[in-house]
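Enquirer: Below, each chain spelled out in residue letters.
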Amino acid sequence: MSFDGLKRALQITLHLGLLLAVLSMTVFLARRHGPRIDLTTEGLYSLTDSTQRVLERLDERLHIEAFFSPDEALGSGFQESRRTLRFVLDEYRQQGRGRVTVQYFDPSDEAVRKRAERIGLRSERIQDLEGTTLSSKEIWQGFRLLYGGKKQKVVPFVGFDRRPAMYEAALTPLIKALTVTDRPRIGVIAWLGPAPAPGPNTPRSQREGPSAYDRVLNMEEVTDRYELVGLDISEGQHVPQDIQTLILIRPLRLSDRQKYVIDQFLMRGGKLAVFADTADVSLGSARRMLVSEQRYDAKDAKLSFQEQLASYGIAVSDEVVFDGLSNQVPFAFSVVAPVNGQLQRSMARADYPYWFQPTAVDWASQARQFATDSEGRVDEARADIYRGTLKPGVTEEALQAFMSPALFWPCPVEVAEDVPDGVDAEVLMRTSPRSASHNPVRLTDLNPVADLDNPRVSYEAFQRRTMSYLDGERELARQFGLMVRAEGRFPSYFEGRQIPQRPREEAAGETAEASDPLDEPVGGDPLAGGDEDPIGPDPDAAAGTTEAPAADEPAPIFVARPGARLIVIGDSDFIRDDLVSGAYQQLGGPVSTIGRLFFVNLLDWLAEDRDLFDLRVKHFADRQQRYVTDVGMNANSARRLEEQKDSRVFWVRFLNIALPPLLLIGFGVGLGVMRRIKKQNFLLTLSR
Amino acid sequence: MAPVAREAELTDPAILMAPKPAAPHANSALRDAVVVMRRELRSYFLSPIAYVFGALFLAAQLYFTVAYAGVIDHGRPANLSVFFGLLPTVFLLFLPGLSMRLWAEERKLGTIELLMTFPVRPGSLIFGKFFAALGYLALLLLLTIGLPWTLDVAGDLDWKPVVGGYLASLLLAGSYLSVGMFFSSLTRDQIVAMLTSLVALALFVAPVTPRGVVIMEQAGLPTLAVQFLRGISPFEYFQSISRGVLDIGDLVFYAAFCGFFLHLNAMILRGRRERG
Numbered sequence: 011m012s013f014d015g016l017k018r019a020l021q022i023t024l025h026l027g028l029l030l031a032v033l034s035m036t037v038f039l040a041r042r043h044g045p046r047i048d049l050t051t052e053g054l055y056s057l058t059d060s061t062q063r064v065l066e067r068l069d070e071r072l073h074i075e076a077f078f079s080p081d082e083a084l085g086s087g088f089q090e091s092r093r094t095l096r097f098v099l100d101e102y103r104q105q106g107r108g109r110v111t112v113q114y115f116d117p118s119d120e121a122v123r124k125r126a127e128r129i130g131l132r133s134e135r136i137q138d139l140e141g142t143t144l145s146s147k148e149i150w151q152g153f154r155l156l157y158g159g160k161k162q163k164v165v166p167f168v169g170f171d172r173r174p175a176m177y178e179a180a181l182t183p184l185i186k187a188l189t190v191t192d193r194p195r196i197g198v199i200a201w202l203g204p205a206p207a208p209g210p211n212t213p214r215s216q217r218e219g220p221s222a223y224d225r226v227l228n229m230e231e232v233t234d235r236y237e238l239v240g241l242d243i244s245e246g247q248h249v250p251q252d253i254q255t256l257i258l259i260r261p262l263r264l265s266d267r268q269k270y271v272i273d274q275f276l277m278r279g280g281k282l283a284v285f286a287d288t289a290d291v292s293l294g295s296a297r298r299m300l301v302s303e304q305r306y307d308a309k310d311a312k313l314s315f316q317e318q319l320a321s322y323g324i325a326v327s328d329e330v331v332f333d334g335l336s337n338q339v340p341f342a343f344s345v346v347a348p349v350n351g352q353l354q355r356s357m358a359r360a361d362y363p364y365w366f367q368p369t370a371v372d373w374a375s376q377a378r379q380f381a382t383d384s385e386g387r388v389d390e391a392r393a394d395i396y397r398g399t400l401k402p403g404v405t406e407e408a409l410q411a412f413m414s415p416a417l418f419w420p421c422p423v424e425v426a427e428d429v430p431d432g433v434d435a436e437v438l439m440r441t442s443p444r445s446a447s448h449n450p451v452r453l454t455d456l457n458p459v460a461d462l463d464n465p466r467v468s469y470e471a472f473q474r475r476t477m478s479y480l481d482g483e484r485e486l487a488r489q490f491g492l493m494v495r496a497e498g499r500f501p502s503y504f505e506g507r508q509i510p511q512r513p514r515e516e517a518a519g520e521t522a523e524a525s526d527p528l529d530e531p532v533g534g535d536p537l538a539g540g541d542e543d544p545i546g547p548d549p550d551a552a553a554g555t556t557e558a559p560a561a562d563e564p565a566p567i568f569v570a571r572p573g574a575r576l577i578v579i580g581d582s583d584f585i586r587d588d589l590v591s592g593a594y595q596q597l598g599g600p601v602s603t604i605g606r607l608f609f610v611n612l613l614d615w616l617a618e619d620r621d622l623f624d625l626r627v628k629h630f631a632d633r634q635q636r637y638v639t640d641v642g643m644n645a646n647s648a649r650r651l652e653e654q655k656d657s658r659v660f661w662v663r664f665l666n667i668a669l670p671p672l673l674l675i676g677f678g679v680g681l682g683v684m685r686r687i688k689k690q691n692f693l694l695t696l697s698r
Numbered sequence: 002m003a004p005v006a007r008e009a010e011l012t013d014p015a016i017l018m019a020p021k022p023a024a025p026h027a028n029s030a031l032r033d034a035v036v037v038m039r040r041e042l043r044s045y046f047l048s049p050i051a052y053v054f055g056a057l058f059l060a061a062q063l064y065f066t067v068a069y070a071g072v073i074d075h076g077r078p079a080n081l082s083v084f085f086g087l088l089p090t091v092f093l094l095f096l097p098g099l100s101m102r103l104w105a106e107e108r109k110l111g112t113i114e115l116l117m118t119f120p121v122r123p124g125s126l127i128f129g130k131f132f133a134a135l136g137y138l139a140l141l142l143l144l145t146i147g148l149p150w151t152l153d154v155a156g157d158l159d160w161k162p163v164v165g166g167y168l169a170s171l172l173l174a175g176s177y178l179s180v181g182m183f184f185s186s187l188t189r190d191q192i193v194a195m196l197t198s199l200v201a202l203a204l205f206v207a208p209v210t211p212r213g214v215v216i217m218e219q220a221g222l223p224t225l226a227v228q229f230l231r232g233i234s235p236f237e238y239f240q241s242i243s244r245g246v247l248d249i250g251d252l253v254f255y256a257a258f259c260g261f262f263l264h265l266n267a268m269i270l271r272g273r274r275e276r277g
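Note that the protein sequences, when read in sequence, are chains Z and E. This note's numbering numbers the first residue of the first sequence as 11 and each following residue consecutively. This note's numbering numbers the first residue of the second sequence as 2 and each following residue consecutively.
Please note: incorrect hints may appear among the correct ones.
What follows is a list of derived Cβ distance ranges for each label pair [as the list claims (entries may be wrong)]:
hint, chain 1, residue 1, chain 2, residue 2, range
1, E, Phe229, Z, Phe664, 43 to 49 Å
2, E, Asn28, Z, His25, 42 to 48 Å
3, Z, Lys689, E, Gly111, 24 to 30 Å
4, E, Gly221, Z, Gln352, 48 to 54 Å
5, E, Tyr69, Z, Ser12, 25 to 31 Å
6, Z, Gln113, E, Arg43, 32 to 38 Å
7, Z, Gln654, E, Gly136, 49 to 55 Å
8, Z, Arg387, E, Ala68, 46 to 52 Å
9, Z, Glu52, E, Gly221, 44 to 50 Å
10, E, Ala68, Z, Arg107, 57 to 63 Å
11, E, Phe229, Z, Glu70, 49 to 55 Å
12, E, Gly136, Z, Arg42, 31 to 37 Å
13, E, Val36, Z, Val32, 26 to 32 Å
If you're looking for bench data, these hints aren't it; they were derived computationally from the structure. All of these numbers come straight from a predicted model, not from anything done at the bench. Beta carbons are placed, not taken as given, at the ideal position from N, Cα and C, and that holds for glycine.
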């Protein structure tokens, strides 16, 4: 090569090298500092306001160490999820504005792997499908979050998900937990002993022990941010003043004094959550169902707890409710069926309407369906009524604040008929319009396989029974409330009533009464005597007690102070240890997957901590394709609907595939013909 | 203008004596590019091959999306992620066929010499041809609008990510075309141009697919090199725009990628013009 040639080659190389360097730097800077716009309507790829609020409050540097197996080791499906995860981490870094750093480590390196193990991370084996090849791979995908070099949180392994919101939901609460300095104190009173019980014949309400809800009460997500204090009000002592939030789990046999303590807690502006449960139902061995008596009130109580709640604007029913349409949790039972000529035992699963998850479906939009009779005729007048009366299964507020758990043998909870002035009450969760409730709670009603020798026959009978209940409600589709919140200036249930004394004071009083016959009421109505204690106020006694409380007894408050809020949920099973842990499954019971999350969210709601609210649920619009409208519920219309759907889908597909190429070809042919005509005309003009 | 070319212009008497091309004014260069683009576009629509090519492209893309992947189905969410997910592969198979003729045909037919004598800067020629091919592809993509429309009618499609997806598809197509044009300018044989650009594009796509990574590593390519190739792969930057996230960095990457290959193309043309 000549010198000129060499010089030229060098110049070109230098030129291209410089150009590449400039372009690379530009791309690097643009990617690092350039804005990112999420075009999706739901903001699927944007960090929620929750995360942004949490990141804005970072006082110190948050360093995220991500221990990821190389992306190349993953199949394309998992790669997409990993890309989403990196994308989310990059968003944290960008939104952190210098306070968040992300560092990636590759555990395929032995030293890094040892470090990851030391930190507490772990690998997991995943089944990865690439093309037609299924392979098992050991994958690392964990984090360590270091805050200010002092506090740390470890996520041993984060599962693969293509939805960025899922990664955000895993990370942001941890960051929030790292930044918490003062934990609010929350009082908890649980009336149940530990479950599950070893013996099948012991109803859960009769078991003794500290709590059947220790799992949710001791979750890291809870204890990181809240200090839960177990309270005992059996002696009638008031809730300590530093506790602003009180949770009652399955209140049982409450004395009047305990009701008063609860009332006064609410009156002083406290936040009260009640997990009410009318039906104490559980499964024993071999799917035997156990029902025990559930009483809110102690035997010698004169006042009713349900009446007390109604005075605040919330009505708790004595019935048990079931739902024929919301997402049902299956009930598993064993059947013996012939297989290859031999009888074999296997497990069958059947929908069980007493276990269901209320859904955010706007039932009013399906008014016509509920106004359609078994012949497929639509009653338009009824449909119009339904459009006005049917409500979504879960309100937007509930969805955002709590998420909707599956409920097990719940009882209806509604807004009371007479909501006191100054109180705002709202149903947050409802059944579907294909629901019914019944009372008394009978074992025969609840058990889908009452006859263990003939489970199928038994299940069919159960179905007929539930259908008969539903048919009873069929005249007017009805939804039942399952969760109600109330806020405002609650009136005290004890206003104008006798203030109950503490048990020991009462006992002392009784002793005194017994020793001093002069204190006996004079001129009482002899007909009202006997064993019956009159329920309701004894003006003189009430006035006397109010005027002269015990030395350490605070004066009663009769109108709630600002900040008081009450929430009542018609079930407590979904936060039980055995349901949350999945241990109950061995007995044939359900598993509560959202129970834990619901509990954490409830604490946030009660503590009015809105930091994580937006994180709960991103609003995913219903974008499912529908080529036919579902009307009618009988088998014939279902088959017709299926055929109609298949036919429409086929033609829509065909047109979508064939029409664009045909249009293009048609345009080309048309253009060619036009040109030919033009050409012929031109030649004709020439020849003339 | 590149320094090498400027130096050659200053020293080569043939260039000095040649009639000066139109003043390097941005407006006139743009006007020239538009003229070239219109000429090219017209040539597309006068050629039956363009229709056959377009119909095949549409049929393949829509068949795989609708019939094979079943994007249209009762109860399925209405979104076009599968459509955009398949597009890079279909582009990979079809775009080298579109770009192969851009320069190779001109050279084979001998029209490139004529083209070079026009008072048009190589940049205008390149941009004209590039945007004509892109315009033709945009038209083909426009013909697929029936699919999102169907999904919108059946399931309330979110249109903004779809617009993002189409934009991403055009950017990806642009990057593929710029590579194809560069290889087309190197040879007079269209088949060679097509095959070389196919191989080059496959090399860009390979590091983004797990199988490709395995093959590259088995071939002895160091991990760093694989990661570098992944970093410069247009496919890598397609993902986020196609799902509805517009990152300025991605747009800058596509501009830089296309600009780099079009610049190489211009260097080849200038060199050829200089050599007469």
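Enquirer: Against this structure, judge whether each hint is valid.
Expert: Against the structure, the hints come out as follows:
no.: 1; hint: E/Phe229 - Z/Phe664: 43 to 49 Å; in the structure: holds (45 Å)
no.: 2; hint: E/Asn28 - Z/His25: 42 to 48 Å; in the structure: violated (27 Å)
no.: 3; hint: Z/Lys689 - E/Gly111: 24 to 30 Å; in the structure: holds (26 Å)
no.: 4; hint: E/Gly221 - Z/Gln352: 48 to 54 Å; in the structure: violated (59 Å)
no.: 5; hint: E/Tyr69 - Z/Ser12: 25 to 31 Å; in the structure: violated (57 Å)
no.: 6; hint: Z/Gln113 - E/Arg43: 32 to 38 Å; in the structure: violated (55 Å)
no.: 7; hint: Z/Gln654 - E/Gly136: 49 to 55 Å; in the structure: violated (42 Å)
no.: 8; hint: Z/Arg387 - E/Ala68: 46 to 52 Å; in the structure: violated (38 Å)
no.: 9; hint: Z/Glu52 - E/Gly221: 44 to 50 Å; in the structure: holds (46 Å)
no.: 10; hint: E/Ala68 - Z/Arg107: 57 to 63 Å; in the structure: violated (48 Å)
no.: 11; hint: E/Phe229 - Z/Glu70: 49 to 55 Å; in the structure: violated (36 Å)
no.: 12; hint: E/Gly136 - Z/Arg42: 31 to 37 Å; in the structure: holds (33 Å)
no.: 13; hint: E/Val36 - Z/Val32: 26 to 32 Å; in the structure: holds (31 Å)
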